[in-house]
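Based on these hints, arrange chain B on the given structure of chain A.
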Amino acid sequence: MKPDEANIARLLKKSLPSRQHRELALDRVLQRLQSESTPERETGDQKIFSLAQGADRNIWRVSVAVAAVALVVLASAALIRNVVFPKTAGAMAEVVDGEVVQLSNAAGQPLRRGKPVQPAQVLRSSGRGAVLALGDGSVVEMRSQSELALERADDGVRVRLDKGGVIVNAAKQRSGHLYVETKDAKVSVVGTVFLVDAEEKGSRVAVIEGMVRVEKGALAEKLLPGEQVATNPAVETHPVTQEIAWSRHAEEHLALLQQSLGAPAPALETQDVFEAASIRPSFPGGGGRGGGGRAVDPPTANPCMAPGDITLDPSHFNAVRTTLYGLVSVAYGNNCMPTDMLTGGPDWAKSEHFDLQTTLPAGTPTYTRQALLEGNLPRLQRMLQNLLADRFKLVVRREIKQVPAYDLVVLNEGKLKPSADQNPDAQFSGPLPPARVFTTFAPQYSMGAWAKVLQRILDRPVIDKTGLKGLYDFRLEYSDSSSTPADPSFRRTAKDLLPSVLQEQLGLKVEPARANVEVLVIERAERPGQN
Amino acid sequence: MSTVATPSGTMESRSTEFEKLFREHSPLVYQTACGVTSSPADAEDVVQTIFLRLLRRRVPADFYKRPERYLYRAAINVSLNTIRSRRRQVLIGDSQFFDRPENADNPKIEDADIVQLRAAISKLSPRTVEILILRYVHDYTEPEIAKLLGRSRSTIAVTLFRSRLRLHKLIRHASSSGERK
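Same order as they appear, the protein sequences are chains A and B.
Positions 460 to 990 (my numbering) are the ones given, in order, by the first sequence.
Positions 4 to 184 (my numbering) are the ones given, in order, by the second sequence.
Calculated from the structure, these hints are not laboratory results.
Just so it is clear, CB atoms sit at the ideal spot from N, CA and C, and this is done for glycine as well.
One or more of the hints may lead you astray.
To be verified - Derived lysine to any residue pairs resembling SDA-like cross-links, with alpha carbons at most 25 Å apart:
id : chain 1 : residue 1 : chain 2 : residue 2
1  : A       : K473      : B       : L173
2  : B       : K126      : A       : D880
3  : A       : K874      : A       : K860
To be verified - Pair ranges (Cβ atoms, derived):
id : chain 1 : residue 1 : chain 2 : residue 2 : range
4  : A       : G966      : B       : R72       : 35 to 41 Å
5  : A       : T818      : B       : L168      : 48 to 54 Å
6  : A       : V862      : B       : S155      : 54 to 60 Å
7  : A       : G966      : B       : E71       : 39 to 45 Å
To be verified - Listing some non-contacts, in silico: residues in chain A with all C-beta distances to chain B over 10 Å:
id : residue
8  : E464
9  : A468
10 : S474
11 : Q493
12 : G594
13 : H636
14 : R739
15 : S810
16 : P902
17 : L917
18 : E982
For reference, chain A alone in the conformation it holds in the complex (with noise of 0.2 Å):
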């Protein structure tokens, strides 16, 4: 062997584990995996997709307004069953706004208002989308381009959504049951508004009022209103605000997650708890009290966790010099939101560290910090928001409120570089790079995961606008030699000059907008007492 081989292997090397701790890490990654794999139902309460965004049906009133948008998209459904549908005897659906398309037995006819659906035909929406009626008074609305067909199920009707996207406004059903399929996943409904996406990679699913089932296999999971799932990692979600944008009665939707966010909220899952937890101040230093006062950083933007920060095995979740900002963030989203996104709350609430340690009960699934970071592990998140209840006496409530946001749109599509695997399973999964970044290479990135980047650097909702699908290498140069990213004045800096580079490298331009998101607020915290 040459020097430099014996080099490269021996440093290739040193941080090979024995073999007893290589089997030690492996069977901990089984138990993990094996967990994962027990169905909901054998569990009881062990989630098995990932939930984007978890609800907090919260303390919030029913305003008049909203109630009044409600009865009119409830009577348009009523208005649609008792006197639209159907006429034509045999027919499952029937058109009444838009155009499809068929695809099988009269393949290339066009479906138009007022003309029933028959069993088993497949349709394509064209032009803006399409709305269906369906027997029992359920209203199906298709995005553009979409594609299913209608068939009868054992008890009621199914939707088998190929491919796009659908709202349904699903009526009360006397018996049986309205279903939505799609390759991997299959949603029951008895009465309530939802919408479901199948895309290559996967589907998704998100609900808007009511609660839905959603199964994927012999797993099954409920979702409530504000919540989603995605049955593959690999398909990107965003907040269901933006999900409902291109529906013709987007107003209306938004009208009824807002009331629905404003319900009142189940209890807490009481068996959703730490074994033991411990939070206590921060110190400088980390020393414990020895180290001097209280660490305080001065009350600016919303904190993030930091994933060195966090230490997370089968048995504890432990997390060191956080706030309380950032814990909240974590429990009931995803880290380092907008500064709009989270709101409410003492100033100490954003600058005091804490250090949390938690002993979790035995079973519990553990999984990835960058999935903590991520809003992925539900079953922990709950633990976490009924210890922050606990000790920190917090209050949250969810509202839809309209903030200040970005539209990332293209200017010059040929600045851009598309990656040169476009495997959709190739597409970065791994953690984004942290709040603050500026000059950075993101290599496979979708153009909705770049969005968050900008996000986070942005410090607004930045909503994809671009239109452009596969995967891109992006790459930015921070060229500006007045600062580095370890002065406090980077951050920005890098804001200011970001909308500049942004234009002038990649051609994409963020334009000033507004736009309806999710906004957690915190209503009320105290500083925890003795453990």
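Okay, now just chain B, sitting in the frame of chain A:
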């Protein structure tokens, strides 16, 4: 890429087959990930990510022909993603990442040589890293690598030679720029 389901059958039999697959191939994935990331904690995450994909029935159509080949390639790709994302955090992240060791779980493995080697590896292509790890972590000979990856022996030898040169250059560059600072 088309995907296929993992073995069908009852839940119990699927679970047994999955465990068998895991026991057989996870050491290869783990060792590979350790070699690339230099971090047992990250390697554990890599193993979990890859087998979670299998559990969720997302495998390419030809997976069962040569599972070790798919798993090895996946281990390299996911490990590279991990160190590249960490590199972004450390090199260009905000100041909070500068205050503490990068890998608080395993402080002892963070010596300067390893950090530099890992940074240099993250700049190589996945296919080059595949060869490098097979050679220097799994101790495969050049003909064995050529057979496993379906390439000629000379291609493997040239790739190894060039990647050593490149690593040497990247590490030297990193050391000299570190000294300048």
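Here's how the hints hold up against the structure:
As the CA atoms of K473/A and L173/B are separated by approximately 19 Å, the hinted pair is consistent with the 25 Å bound. The straight-line distance between the Cα atoms of K126/B and D880/A is roughly 17 Å, inside the 25 Å bound, and the hint therefore holds. The straight-line distance between the Cα atoms of K874/A and K860/A is roughly 35 Å, outside the 25 Å bound, and the hint therefore fails. Range check, G966/A to R72/B: Cβ separation about 38 Å, and the 35 to 41 Å hint holds.
Hint check: T818/A to L168/B, Cβ distance near 50 Å, so the stated range 48 to 54 Å holds. One distance hint, 54 to 60 Å for the beta-carbon pair V862/A and S155/B, holds here, with the actual separation near 59 Å. Checked against the given bound of 39 to 45 Å, the beta carbons of G966/A and E71/B, roughly 42 Å apart, stay inside it. Once the 10 Å rule is applied to beta carbons, E464/A is inconsistent with being away from chain B; the minimum gap is 7 Å.
Its beta-carbon lying about 4 Å from the closest one in chain B, A468/A breaks the requirement of being farther than 10 Å from that chain. With a cut of 10 Å on Cβ distances, S474/A falls inside the contact zone with chain B, its closest approach being about 4 Å. The Cβ of Q493/A does not lie farther than 10 Å from every Cβ of chain B; its closest approach is about 7 Å, which violates its non-interface assignment. Distance check on G594/A: its Cβ is at least 35 Å (rounded) from any Cβ of chain B, clearing the 10 Å threshold; non-interface status holds.
Distance to chain B confirms H636/A as a non-interface residue, since its nearest Cβ pair spans about 24 Å, more than 10 Å. Even its closest Cβ contact with chain B, about 18 Å, leaves R739/A beyond 10 Å, as expected for a residue assigned away from the interface. Its beta-carbon lying about 14 Å from the closest one in chain B, S810/A satisfies the requirement of being farther than 10 Å from that chain. The beta carbon of P902/A is not kept farther than 10 Å from every beta carbon of chain B, the shortest such distance being approximately 7 Å.
A cut-off of 10 Å between C-beta atoms confirms that L917/A is not in contact with chain B; the least separation is 14 Å. The claim that E982/A lies off the interface holds: its Cβ sits roughly 28 Å from the closest Cβ of chain B, which is beyond the 10 Å cut-off.
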